[in-house]
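Spelled out from the first residue to the last, the chains are:
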Amino acid sequence: MQEAVIKRAKELLADGSVNRVVGWKAGEFAYDTTPAVFTSAEELDAGFIYNDFCAPNLSKYIIKESRKEGKLLVFLKPCDTYSFNQLVKEHRIIRENVYIIAVPCTGKVDVDTVKSKGIKGITGMTSDGENVTITTLYGEKTMPKSETLGDKCRTCKSKKHVIFDEIIGDDGEVNTDGARFELVEKLEMMTPDERYDFWRNELSKCIRCNACRNVCPACTCESCVFDNPNSGIQQRAATDSFEENMFHLIRSFHVAGRCTDCGECTRVCPQNIPLHLINRKYIKDINEFYGDYQAGSDLETRAPLNDYTFDDCEPSIVYKRGGNE
Amino acid sequence: MHRIGVFVCHCGTNIAATVDVKAVAEAMKQEPSVVFSVDYQYMCSEGGQTLIQDTIKEHKLTGVVVCSCSPRMHEATFRKAAAKAGINPYMVEIANIREQCSWIHKDIMSATDKAIILARTAIAKVQLNAPLTAGESPVTKRALVIGGGIAGMQTALDIAEAGFEVDIVEKQPTIGGKMTQIDKTFPTLDCASCILTPKMVDCSQNEKIHIYAYSEVVEVNGFVGNFTAKIKKKARYVDTTKCTGCGICTEKCPQKKVPNEFNLGLNNRRAIYIPFAQAVPKVATIDADYCTMLKTGKCGVCSKVCTAGAIDYKQQDEIIEERYGAIVAATGYNPIKIDKYDEFAYSQSKDVVTSLELERLMNAAGPSNGTLIRPSYLDKQDDHRAHPKTIVFVQCVGSRSCDDCGKSYCSKICCMYTAKHAMLIREKYPDTDVYVFYIDVRTPGKLFDEFYRRAVEQYGVHYIKGMVGKVSPRPDGNLDVQASDLISNEQLHINADLVVLATAIEPDQTARSVATMLRASMDTNDFFTEAHAKLRPVESPTAGVFLSGVCQGPKDIPETVSQASAAAAKVIGLLAKDKLTGNPCVAHSDELMCNGCSACEKVCPYGAITYSDKEFRQPDRTVAIRRVAAVNEAVCQGCGACTVACPSGAMDLKGFSNKQIMAEVDAICK
Numbered sequence: 001m002q003e004a005v006i007k008r009a010k011e012l013l014a015d016g017s018v019n020r021v022v023g024w025k026a027g028e029f030a031y032d033t034t035p036a037v038f039t040s041a042e043e044l045d046a047g048f049i050y051n052d053f054c055a056p057n058l059s060k061y062i063i064k065e066s067r068k069e070g071k072l073l074v075f076l077k078p079c080d081t082y083s084f085n086q087l088v089k090e091h092r093i094i095r096e097n098v099y100i101i102a103v104p105c106t107g108k109v110d111v112d113t114v115k116s117k118g119i120k121g122i123t124g125m126t127s128d129g130e131n132v133t134i135t136t137l138y139g140e141k142t143m144p145k146s147e148t149l150g151d152k153c154r155t156c157k158s159k160k161h162v163i164f165d166e167i168i169g170d171d172g173e174v175n176t177d178g179a180r181f182e183l184v185e186k187l188e189m190m191t192p193d194e195r196y197d198f199w200r201n202e203l204s205k206c207i208r209c210n211a212c213r214n215v216c217p218a219c220t221c222e223s224c225v226f227d228n229p230n231s232g233i234q235q236r237a238a239t240d241s242f243e244e245n246m247f248h249l250i251r252s253f254h255v256a257g258r259c260t261d262c263g264e265c266t267r268v269c270p271q272n273i274p275l276h277l278i279n280r281k282y283i284k285d286i287n288e289f290y291g292d293y294q295a296g297s298d299l300e301t302r303a304p305l306n307d308y309t310f311d312d313c314e315p316s317i318v319y320k321r322g323g324n325e
Numbered sequence: 001m002h003r004i005g006v007f008v009c010h011c012g013t014n015i016a017a018t019v020d021v022k023a024v025a026e027a028m029k030q031e032p033s034v035v036f037s038v039d040y041q042y043m044c045s046e047g048g049q050t051l052i053q054d055t056i057k058e059h060k061l062t063g064v065v066v067c068s069c070s071p072r073m074h075e076a077t078f079r080k081a082a083a084k085a086g087i088n089p090y091m092v093e094i095a096n097i098r099e100q101c102s103w104i105h106k107d108i109m110s111a112t113d114k115a116i117i118l119a120r121t122a123i124a125k126v127q128l129n130a131p132l133t134a135g136e137s138p139v140t141k142r143a144l145v146i147g148g149g150i151a152g153m154q155t156a157l158d159i160a161e162a163g164f165e166v167d168i169v170e171k172q173p174t175i176g177g178k179m180t181q182i183d184k185t186f187p188t189l190d191c192a193s194c195i196l197t198p199k200m201v202d203c204s205q206n207e208k209i210h211i212y213a214y215s216e217v218v219e220v221n222g223f224v225g226n227f228t229a230k231i232k233k234k235a236r237y238v239d240t241t242k243c244t245g246c247g248i249c250t251e252k253c254p255q256k257k258v259p260n261e262f263n264l265g266l267n268n269r270r271a272i273y274i275p276f277a278q279a280v281p282k283v284a285t286i287d288a289d290y291c292t293m294l295k296t297g298k299c300g301v302c303s304k305v306c307t308a309g310a311i312d313y314k315q316q317d318e319i320i321e322e323r324y325g326a327i328v329a330a331t332g333y334n335p336i337k338i339d340k341y342d343e344f345a346y347s348q349s350k351d352v353v354t355s356l357e358l359e360r361l362m363n364a365a366g367p368s369n370g371t372l373i374r375p376s377y378l379d380k381q382d383d384h385r386a387h388p389k390t391i392v393f394v395q396c397v398g399s400r401s402c403d404d405c406g407k408s409y410c411s412k413i414c415c416m417y418t419a420k421h422a423m424l425i426r427e428k429y430p431d432t433d434v435y436v437f438y439i440d441v442r443t444p445g446k447l448f449d450e451f452y453r454r455a456v457e458q459y460g461v462h463y464i465k466g467m468v469g470k471v472s473p474r475p476d477g478n479l480d481v482q483a484s485d486l487i488s489n490e491q492l493h494i495n496a497d498l499v500v501l502a503t504a505i506e507p508d509q510t511a512r513s514v515a516t517m518l519r520a521s522m523d524t525n526d527f528f529t530e531a532h533a534k535l536r537p538v539e540s541p542t543a544g545v546f547l548s549g550v551c552q553g554p555k556d557i558p559e560t561v562s563q564a565s566a567a568a569a570k571v572i573g574l575l576a577k578d579k580l581t582g583n584p585c586v587a588h589s590d591e592l593m594c595n596g597c598s599a600c601e602k603v604c605p606y607g608a609i610t611y612s613d614k615e616f617r618q619p620d621r622t623v624a625i626r627r628v629a630a631v632n633e634a635v636c637q638g639c640g641a642c643t644v645a646c647p648s649g650a651m652d653l654k655g656f657s658n659k660q661i662m663a664e665v666d667a668i669c670k
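Chains as they are written, first to last, in my numbering: chain E, 1 to 325; chain F, 1 to 670.
Chain E with its partners taken away, still in its complex shape (with noise of 0.2 Å):
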């Protein structure tokens, strides 16, 4: 798959159709992979990789570079091009510029699950598609990809490109089983007091390193209101309790409608704190009321929050579900 796709990008920039190319190089080790900019065969030989550790969504980069100079060539997952849809859709990304390829996944290596599993000193790691090897300072250790998958790919809502160019490999299919509200299903059968020991257990451990919302596709401000004096609510490090009590609850708010379930602020989270699950539930919910709507599947429909139609279910649902008590 790699040498594929760096002889496509190669041919592209060759003939002019692109002047850069928006791809994985790796980073400091095996497992982590960083997103790069490329603007000559040369360097695409030296340093673009794609393989089963590519998991960082590479839309969120598009915003500035598609405002540059020139067209550019960007490498989309399926869960990326969500993400990019999503941008596009906001105005936010400048479409004509971007030539896209979609390049299949099958799910990436989590290597905090990986570690999960009771495996210390990792110092590499390699996987061929169907086995990852770890090499640790214990001695190698080889176990099936599946399970090395962080809870975004094991329940991967999309194996479909909603937005590309052209593609690499067999485009895949939307997955409607529902798994990926399992744990939230669980979440909401708990009492409210369970529910909200288990929260403020994950969020105590935030330490507002800010990762979360700086690679978050939906979190895209020119100005965000944590960084504003004017907002009110401007907060830059975790120096009393708004970590525990709102960041995280005003982050998933702002971006709830938009937020197209990519997983990236659970990945780079390096406390582990799910956030995904705040964001599915509100996912979960816009689906109940409103229908099934999945945010960045494509660049027409409005956004259940920001539309009104005459099917809207009545605030009264709220009490219906118990939101009375």
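Some clues are possibly wrong.
Pairs of lysine to aspartate or glutamate, DMTMM-like flavour, derived with a Cα cap of 25 Å [to be verified]:
{"hint": "1", "chain 1": "F", "residue 1": "Lys670", "chain 2": "E", "residue 2": "Glu202"}
{"hint": "2", "chain 1": "F", "residue 1": "Lys230", "chain 2": "E", "residue 2": "Asp240"}
{"hint": "3", "chain 1": "F", "residue 1": "Lys337", "chain 2": "E", "residue 2": "Asp312"}
{"hint": "4", "chain 1": "F", "residue 1": "Lys577", "chain 2": "F", "residue 2": "Glu207"}
{"hint": "5", "chain 1": "F", "residue 1": "Lys337", "chain 2": "E", "residue 2": "Glu314"}
{"hint": "6", "chain 1": "E", "residue 1": "Lys71", "chain 2": "F", "residue 2": "Glu207"}
{"hint": "7", "chain 1": "E", "residue 1": "Lys186", "chain 2": "E", "residue 2": "Glu202"}
{"hint": "8", "chain 1": "F", "residue 1": "Lys282", "chain 2": "F", "residue 2": "Asp339"}
{"hint": "9", "chain 1": "F", "residue 1": "Lys670", "chain 2": "E", "residue 2": "Asp240"}
{"hint": "10", "chain 1": "F", "residue 1": "Lys412", "chain 2": "F", "residue 2": "Glu457"}
Covered stretches of chain E (chain F as the covering partner; in silico rule of three or more C-beta atoms under 8 Å from a C-beta of chain F) [to be verified]:
{"hint": "11", "region": "168-181"}
{"hint": "12", "region": "201-209"}
{"hint": "13", "region": "276-283"}
{"hint": "14", "region": "296-307"}
Have a look at the derived ranges for each label pair, beta carbon to beta carbon [to be verified]:
{"hint": "15", "chain 1": "E", "residue 1": "Phe198", "chain 2": "F", "residue 2": "Thr228", "range": "29 to 35 Å"}
{"hint": "16", "chain 1": "F", "residue 1": "Thr133", "chain 2": "E", "residue 2": "Phe253", "range": "30 to 36 Å"}
{"hint": "17", "chain 1": "E", "residue 1": "Phe253", "chain 2": "F", "residue 2": "Gln316", "range": "45 to 51 Å"}
{"hint": "18", "chain 1": "F", "residue 1": "Gln509", "chain 2": "E", "residue 2": "Asn272", "range": "52 to 58 Å"}
{"hint": "19", "chain 1": "E", "residue 1": "Glu173", "chain 2": "F", "residue 2": "Arg617", "range": "46 to 52 Å"}
{"hint": "20", "chain 1": "F", "residue 1": "Val623", "chain 2": "E", "residue 2": "Arg208", "range": "30 to 36 Å"}
Bear in mind the hints are in silico, worked out from the structure with no lab data behind them.
The C-beta atom is built at its ideal place from N, Cα and C for all residues, glycine as well.
Once you've looked at the hints, dock chain F against the given chain E.
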């Protein structure tokens, strides 16, 4: 630094009995920026207003907080007083310590504590207030009336009488509404069309009234004084300027099997039709669902017989855009569907009818030309059984219902029209036995109770208190009516040959979509809500939108006409003004923070937000082009929808900024 004056009103004992007003005034002296604080018996009185003005001058106040009643009552009074003393009227804030404090609390201690918090909240807000200036907007001197029944027509006639242009939009091919289908009217028993048709003619002849029949309002934008409406003129496939209404086409059309809605499906009409003889406008309409020519392209009989050449099979729907200063909803009602009341055998026997169907069966223009015939015998009227001999009326079918099948409210008109039906039948056919089953007989209204008593005492109608439990068709075609008589505590079986159901009425199905277009509110039964149930009964809470007729609640004809004229008076009052003072509390976008995402534009109900590409200098001294929002302040109504849709907080509302509201919340939570 602000210099704030606080004025605490006693409102006689309304506030002072539950709130220690002196303690509130005293406590406010300790608040930051407060240079003056006092209590006074009636702040809204001349003396109270003078006190505000004198204090503003004497203490050089920059902001005023009045702790008194709801701002809906006297905010305007205090703003004017402050303006007279030379400060901007929008530097006045009201702390509502009456409706939201003294009236709802009993304990003086806690009510006083709450009043102090509310006053502190208003002080926190006024600290962040900025002077605002209201703009003016012109008034389009034209009214739109949605619905051309008796309510809509009366409103239109009265507005036209005052010299303003009025458009009536009616979805049916003719104006006139439900009243055209009614035979006689209570309590005077005059013929409905005899009193209605002159009004229809008045409407069509009035130069100021323009009738869009067979049309619907599809979109409304704008605000009081400046509405724009899109009206869809549905294709009639007949050129209304050429059609003379001669009716030849309606006799020659070979498609004879179209249920006639004017007679509620009791007989048939042709695919090209004029609803009834006095229709306004009197032009033919082709029913596209049944016309063979439109469906298969083969026929064209109407076109051949039309001497005026008015038939146009290629006619399209037409959209007309017009500007209005005021809009009146007069969308009317319909009887409810009674398919959930199968115990009355409505779907099993043709001889179980609704009251409106009975009107048609008794009307000279109806399917039996005015002779009361059982619907099952309409095509064999000579049969001796065609004339009903025992008729049972069932009241409150779907009204005052405790279950989900019907409506919880009283439909108000059924008691009287049932008495009317019973009386008319006994008068015309004295050999008929007439039974009326009722829960209560409700007859408030001028000459109403006398009317009902006449039915019982003079005409010998059998009124029985009790409900009908079941109606079952008998093998001989008659109906077995099983009922209970609550007064004699008996179970009754009546062998009836006609059963009439006094069906509840409900708002027309289009009312909800009209209300949504007009941004007018509705109650749970889909009746339009008034701005104030007692004091503003013909205005909706949405400025510039007025209510006429049953769309606001069940009414009989006299009440409908009174309310229609009242709505017209309100419209005239609005259209007589040349300019309306706008609301300076409008939205404003901070371009430096705007993402250009269009979220605000999508939720703005007034179309006040536009986008453009603008150049911005970046921190690195390069120039970037960004898409940013701008608010047209003349169009913005300050609803605030955009400020909550905006993800970055670039959009804010003047006078109610996020910062001001947060300051208020902080003051409460302190």
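Against the structure, the hints come out as follows:
no.	hint	verdict
1	Lys670/F x Glu202/E	violated, 28 Å
2	Lys230/F x Asp240/E	violated, 55 Å
3	Lys337/F x Asp312/E	holds, 24 Å
4	Lys577/F x Glu207/F	holds, 22 Å
5	Lys337/F x Glu314/E	holds, 23 Å
6	Lys71/E x Glu207/F	violated, 63 Å
7	Lys186/E x Glu202/E	holds, 15 Å
8	Lys282/F x Asp339/F	violated, 34 Å
9	Lys670/F x Asp240/E	holds, 17 Å
10	Lys412/F x Glu457/F	holds, 22 Å
11	168-181	violated (count 0)
12	201-209	violated (count 0)
13	276-283	violated (count 0)
14	296-307	holds (count 3)
15	Phe198/E x Thr228/F: 29 to 35 Å	violated, 52 Å
16	Thr133/F x Phe253/E: 30 to 36 Å	holds, 34 Å
17	Phe253/E x Gln316/F: 45 to 51 Å	holds, 46 Å
18	Gln509/F x Asn272/E: 52 to 58 Å	holds, 54 Å
19	Glu173/E x Arg617/F: 46 to 52 Å	holds, 47 Å
20	Val623/F x Arg208/E: 30 to 36 Å	holds, 34 Å
Checked against the numbered hints above, the structure breaks hints 1, 2, 6, 8, 11, 12, 13, 15 and satisfies the rest.
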